[in-house]
Amino acid sequence: MTNDRWYMKLIVHLLLLIGVFISIFPFYWLIVMATNTTSEILQFPPRLTFGGELWNNINDVFDNINFFQALFNTVFVSTVTSIGVLFFCSLAGFAFAKFNFPGKNMLFVALLLTMMIPAQMSFVPSFLLIAQFGWVDSYKALIIPSLASAFGIFWIRQFCQESVPNDLLDAGRLDGCGMFRLYWNVALPTLRPALTFLGIFTFINVWNDYLWPLVTINDPQKYTLQVMLSQLNGVYDTDYAMIMAGTLMATLPLIILFIIFSRQFMAGVAEGAVKE
Amino acid sequence: MSRPVPNSSSDRVEAMSKPSLWSEIWKHRILYLFISPFFLLFLIFGLFPILFSLYLSFHSWSGLGDMTFVGFSQFNYLLTEPVFWQSVGNTFAIWFLSSVPMLFFALVIAFLLNLPRLRMRGAYRTMFFITNVTSIVAVAIIFETIFSNQYGLLNYVLSLIGIGSLEWMNSSFLIKVVIASMVVWRFVGYNAIIYLAGLQSIPKSLYEAAVIDGANKIQIFFRITIPLLRPIILFTVIMTTIGSMQIFTEPEVLLGLSGGVGGAGMTMTLYMYNEGFINSNYGYASAVSWMMFIIIGAFSFINWKLVQRA
Chain D
1 MTNDRWYMKL IVHLLLLIGV FISIFPFYWL IVMATNTTSE ILQFPPRLTF GGELWNNIND
61 VFDNINFFQA LFNTVFVSTV TSIGVLFFCS LAGFAFAKFN FPGKNMLFVA LLLTMMIPAQ
121 MSFVPSFLLI AQFGWVDSYK ALIIPSLASA FGIFWIRQFC QESVPNDLLD AGRLDGCGMF
181 RLYWNVALPT LRPALTFLGI FTFINVWNDY LWPLVTINDP QKYTLQVMLS QLNGVYDTDY
241 AMIMAGTLMA TLPLIILFII FSRQFMAGVA EGAVKE
Chain G
277 MSRPVPNSSS DRVEAMSKPS LWSEIWKHRI LYLFISPFFL LFLIFGLFPI LFSLYLSFHS
337 WSGLGDMTFV GFSQFNYLLT EPVFWQSVGN TFAIWFLSSV PMLFFALVIA FLLNLPRLRM
397 RGAYRTMFFI TNVTSIVAVA IIFETIFSNQ YGLLNYVLSL IGIGSLEWMN SSFLIKVVIA
457 SMVVWRFVGY NAIIYLAGLQ SIPKSLYEAA VIDGANKIQI FFRITIPLLR PIILFTVIMT
517 TIGSMQIFTE PEVLLGLSGG VGGAGMTMTL YMYNEGFINS NYGYASAVSW MMFIIIGAFS
577 FINWKLVQRA
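Chains D and G supply the protein sequences, listed in that same order. For the first sequence, the numbering used here assigns the number 1 to the initial residue and increments by one for each residue that follows. For the second sequence, the numbering used here assigns the number 277 to the initial residue and increments by one for each residue that follows.
Careful, some of the hints might be misleading.
Which chain D residues face chain G? A few, computed with CB under 7 Å, are given here [what the hints assert, rightly or not]:
| id | residue |
| --- | --- |
| 1 | M116 |
| 2 | S126 |
| 3 | T190 |
| 4 | P193 |
So the derived label-pair ranges between C-beta atoms look like this [what the hints assert, rightly or not]:
| id | chain 1 | residue 1 | chain 2 | residue 2 | range |
| --- | --- | --- | --- | --- | --- |
| 5 | D | I83 | G | I437 | 21 to 31 Å |
| 6 | D | G176 | G | F575 | 50 to 60 Å |
| 7 | G | F575 | D | F99 | 51 to 61 Å |
| 8 | G | L297 | D | D170 | 51 to 61 Å |
| 9 | D | G176 | G | V384 | 50 to 60 Å |
| 10 | D | S138 | G | G532 | 52 to 62 Å |
| 11 | G | L323 | D | E162 | 27 to 37 Å |
| 12 | G | P392 | D | I24 | 18 to 28 Å |
| 13 | G | L340 | D | T49 | 32 to 42 Å |
| 14 | D | I83 | G | P392 | 21 to 31 Å |
| 15 | G | N446 | D | I255 | 32 to 42 Å |
Treat the hints as calculated values from the structure; they're not laboratory data. Where is the CB? At the ideal position from N, CA and C, for every residue including glycine.
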């Protein structure tokens, strides 16, 4: 295709930059609002440039809610869930990819079928179950149900089949490795790229989850950032500057994490979709 | 005493195969241990709740006291409840308003990003994808200020170009446009990256062969690119359908539990959430979730068939 002519190139980049502008602008707008006072935000025409109020607004957030508690809760739940998902999914993916055992195919099909069940089906009774267990307002409610995912197992299995050579496993066996040593010392190091994607993917999803923590957490001390944000938005709906400062602080860590890992992450997203 | 020796061949097969299956299973016990966490969690937090929700949907229960068996009456009520049908209509309207532009723009972006010798491809990809990493709660809060009736940024821009401000949050139609725009903004980049991966997996030799055969660009696009991209398009259509049918956070954060003016932003999941977790009608909420399941399943199936044929 001939996009070599300079005006063709210009048009292509112009179109892409319009798209990028629409993508990025809300973040810019968020920072603008977080650095201005509420009255500046609410004036008409609105102020479109950064102000000097960021620190005041952040202090307002700290005065009104326990931001660091919510940040800690979110980081803790996301980290523990991600580690659990990486461990349990890689164990299962490894078993499905590299070994034969009675009922393997049937169990794998069952696993794939579970991915087709929409989440809202089990929502009410899952909550009732959590309540029965006495897990309302606890990290357990947020972590335990999502410790292993069918998608994760499927993902690791695909990768494992291609990248863990049987010769390597045989060599490990000759050296006297038990099953767990084979997994831990032989398979796990070669699975690193797949684990990186699955880890970030899980971390982002848990960080951004809203409906489940909204239902299971009532104690403000256990709020995750998303629930805290929505509370902030609902209760203090006049103090836009503070709400925006809070939103910025809750959004920024994940954006930074994503930019650091964006290459690995997007390769993973693309690969998953093309294979399915 | 000597052990009985199997004399017929069928006895022998039975004697050998039965213990061997169990010994096979026992031999591989560590592998079952490896895969067991997922299946245990699924039984407890997946299968049991679904079966229990079916049971609940035939009972009236507020969470306290006894459940009363009510048969199909909750389903009957549901079928005649205008608010439920309004939520179905709203959900479908939001699905249509979001999925058509979203998939179209995603395809355009992917096509541009796939042009040969494009500079800054990686940077573009990251910037298009970054919207998907942001939480829906944050997006809803930001969009609230962009589309606000009085002080909204968009109304300011519209008044600058002489259109004048619109009452975004007071119009049944515009409320749906606002919700749909959030979905489009969040997922265009995601779908574009998926389409891009699909485009890149089409072998170059096919294009070269078509050029040699004298095909023009439009023919190449409709005869090679689109047909080979079809499985990926199918994948995104189904994922988008299932996702939009469950839309909840956008209207809840933007409009609150009422779904805004006249319930114009009341979606099926928001309706279920209200009935289950606000009004504590657990049985009825379960009936709603099963009804939703039937609607989503049927609609995804129709979608699948239509896209496959197109």
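Checked hints:
no.: 1; hint: M116; verdict: 9 Å, violated
no.: 2; hint: S126; verdict: 4 Å, holds
no.: 3; hint: T190; verdict: 17 Å, violated
no.: 4; hint: P193; verdict: 16 Å, violated
no.: 5; hint: D/I83 to G/I437: 21 to 31 Å; verdict: 52 Å, violated
no.: 6; hint: D/G176 to G/F575: 50 to 60 Å; verdict: 56 Å, holds
no.: 7; hint: G/F575 to D/F99: 51 to 61 Å; verdict: 40 Å, violated
no.: 8; hint: G/L297 to D/D170: 51 to 61 Å; verdict: 26 Å, violated
no.: 9; hint: D/G176 to G/V384: 50 to 60 Å; verdict: 58 Å, holds
no.: 10; hint: D/S138 to G/G532: 52 to 62 Å; verdict: 27 Å, violated
no.: 11; hint: G/L323 to D/E162: 27 to 37 Å; verdict: 31 Å, holds
no.: 12; hint: G/P392 to D/I24: 18 to 28 Å; verdict: 26 Å, holds
no.: 13; hint: G/L340 to D/T49: 32 to 42 Å; verdict: 55 Å, violated
no.: 14; hint: D/I83 to G/P392: 21 to 31 Å; verdict: 42 Å, violated
no.: 15; hint: G/N446 to D/I255: 32 to 42 Å; verdict: 33 Å, holds
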